[in-house]
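Spelled out from the first residue to the last, the chains are:
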Amino acid sequence: MATAKKFSYNSGSGKPLADLSRRQFIKFCGCVAAALGMPASMAPKIARAIEQGGRLPVVWLSFQGCTGCTESLLRSTHPTLEKLIFEIISLEYHETLNAGAGIQAEAALKETLNRDAGRFVLVAEGAIPLADKGVYVRINEQAGVDLLNEVAPKALAVIAIGSCASWGGIPSAGPNPTGAKSVGSILEGRPVVNIPGCPPNPYNFLSTVLYFATFGKLPELDAHNRPKFAYGRLIHENCERRPHFDAGRFAKAFGDDGHRKGFCLYKLGCKGPETFANCQVVKFGDVEASPISIGHPCFGCTESGVGFEKPMFQRADIQRFTPPAFYPHVFEPRGEGVTPLTAALGGVAFGGAIGAGYALTNRLFKATDGKEGADKPKGGGAHEDE
Amino acid sequence: MRMNRRGFLQTLAIGGGALSAPSFANARQDKALSPGALGLLYDATKCVGCQACVIACKEVNGMPPEFSDPDHLWDAPLGLSASTRNVIALYKEGGRHSFVRQSCMHCVDPACVSACPVKALTKEPKTGVVHYDAGTCIGCRYCMVACPFNVPKFEWGSAYGKIVKCQLCDHLLAKGEKPGCSSACPTGAIQFGGVQKLLQEAHARLKAAPGAYYPKVYGEKEGGGTQVIFLSALPFEKLGLPDLPDVSSATLSETIMHTTYKGFGMPIFLFALFAFIARRNLQKGKEE
Ligand code: SF4
Ligand code: SF4
Ligand code: SF4
Ligand code: SF4
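The listed protein sequences correspond, in order, to chains X and R.
Letter by letter, the first sequence follows residues 1 to 386 in the working numbering.
Letter by letter, the second sequence follows residues 387 to 674 in the working numbering.
These are calculated hints, taken from the structure and not from any lab test.
Positions of the beta carbon are idealized from the N, C-alpha and C atoms, including for glycine.
Every clue listed holds true.
Now the stretches of chain R that chain X is said to cover, found in silico as 3 or more residues with beta-carbon under 8 Å:
#, region
1, 431 to 440
2, 462 to 468
3, 621 to 632
Extracted from the complex, chain X is given alone in its bound form (with noise of 0.2 Å):
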């Protein structure tokens, strides 16, 4: 088997997990469990569909990418990227990790999709350009449109990773000169995974991939096919700085004060609060960070028409509104906005509709008094009774 030469110790078939102990292995299982959003029970059903279902056949695609996505794979830890692809899935193909190179790498793809057609999921890295006869990718000849043109119609579930093959990214950043597009915009009418992030959460991936191995069905998708399990919430809506956001403590610039505190980076151009991901609890690299968490706010890349598009620095659009950390006093003047302006404003009017009354009564008794009234101060004068 070309695959078997390519991956000196990976068989294709038989005994995954060799390297893992059990106990780990299941730990793991449990942390996918976790990243779905499901119940730690399903823990052993997971590793079950891995033990049993044999490994997954992937064939990765790169595209008009920078292989960052590929790149934030490789550091996941839980698990490390060979015991992903030796052990959990069966990586048949991808440029940046095959172990042969051209005539060699190009056979093993060829053999995959014949072997393996219709049971393979396909990963799509990169967005597609389509200017110029798709000229600006070409790989092994090919233009890379047609290359997933190809490869598509036989895989059995397709992936885009990364915001560029999600939907576009830089590359289709205007003005756009190669034409770039999304991987689901150029397979039109079949579903298409997308896993945006510049770069994207290799959890997410994970994640999805397990999920489709267990259950033998797509996680549930938003209205940009995203898991839910993933991009269901706002940045902002799990984000440590959070309580300085509701709380109206502010950095305003970089380094002053309020950065080296810690408060919310709103005012800086944070896009979270319009950006749907789950970077702020998983976090990246396995050290716990985030743009977030060091200081840069969130520039929105999973999301489309914000990352890349809005300047880096403009106030986003908050998408949910909550109350703040303060509240209405008991006795609050109601109707108006309470500021000293019109609350000052509020009592001149009050005043004012007295003073009228006051005016207007006295000339009612003008005119029943006769002449009594008549050398009294007009309206709001002081009106001794007779």
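Could you slot chain R with the ligands onto chain X? The hints should help.
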């Protein structure tokens, strides 16, 4: 004869006083709590001020956010309004504080229903929910003036403004669900249920921890009773809940109204008064 202002006021006072002395034949009785009445028990000692109830209320009722800061960062209502049906307010005094929930009380004998001239506000006979029907409302806003808790709010910003107030999420009740606020509350500070049960529960809490509470269940009797009842550690007046008599204001106003109109008394009196003034002014004109 000339009538000066004092005389005029005296006449009015005597006339009015005579007519408003209650004639018990016309006194209306407070309406009673229906056995199936539904309501809420808000326990301020359990409330942590998270405002999850405020967000949930907006969500289940499709209400827009309300801004009170210049940057429009928060949904920060300062009180009930056309886009806010419940609010958590803060009372602070010295080192003590308490939150308090502001929303429709679903009065047992609602003044708003009594004041509404077209029955746009109605009290559901079984559940006692005070419901508003926008299709019937003529926009007179009498309910806003009548409500002793200052609850109904008007959409001032709309050409065909409607009244907005909590309706105990009766659209959810119809589906067998609980009101949004009580479902969302993480501490159980807002409990939904039958009013009788809630009253029992409230008294049980008072009995179990007498030191923790101000010794009264607000809404059991106030203003003729309300279906939303309160427990608190601080006196209720401090939390902005008015100290109302046990008789409902609907009973008071309807009794006065019916009494004054009894035998057409008030209209005859007013006619006589104005006829007198007019005649006197005519005479004065002739003299001059
Ligand atoms: S604006 Fe950004 S930094 Fe501030 S709380 Fe939201 S996500 Fe966090
Ligand atoms: S609190 Fe006001 S609006 Fe609500 S039922 Fe009572 S009178 Fe009507
Ligand atoms: S019962 Fe419904 S409408 Fe009333 S305050 Fe609660 S959530 Fe809002
Ligand atoms: S949800 Fe409950 S605890 Fe939170 S503010 Fe409302 S009543 Fe209080």
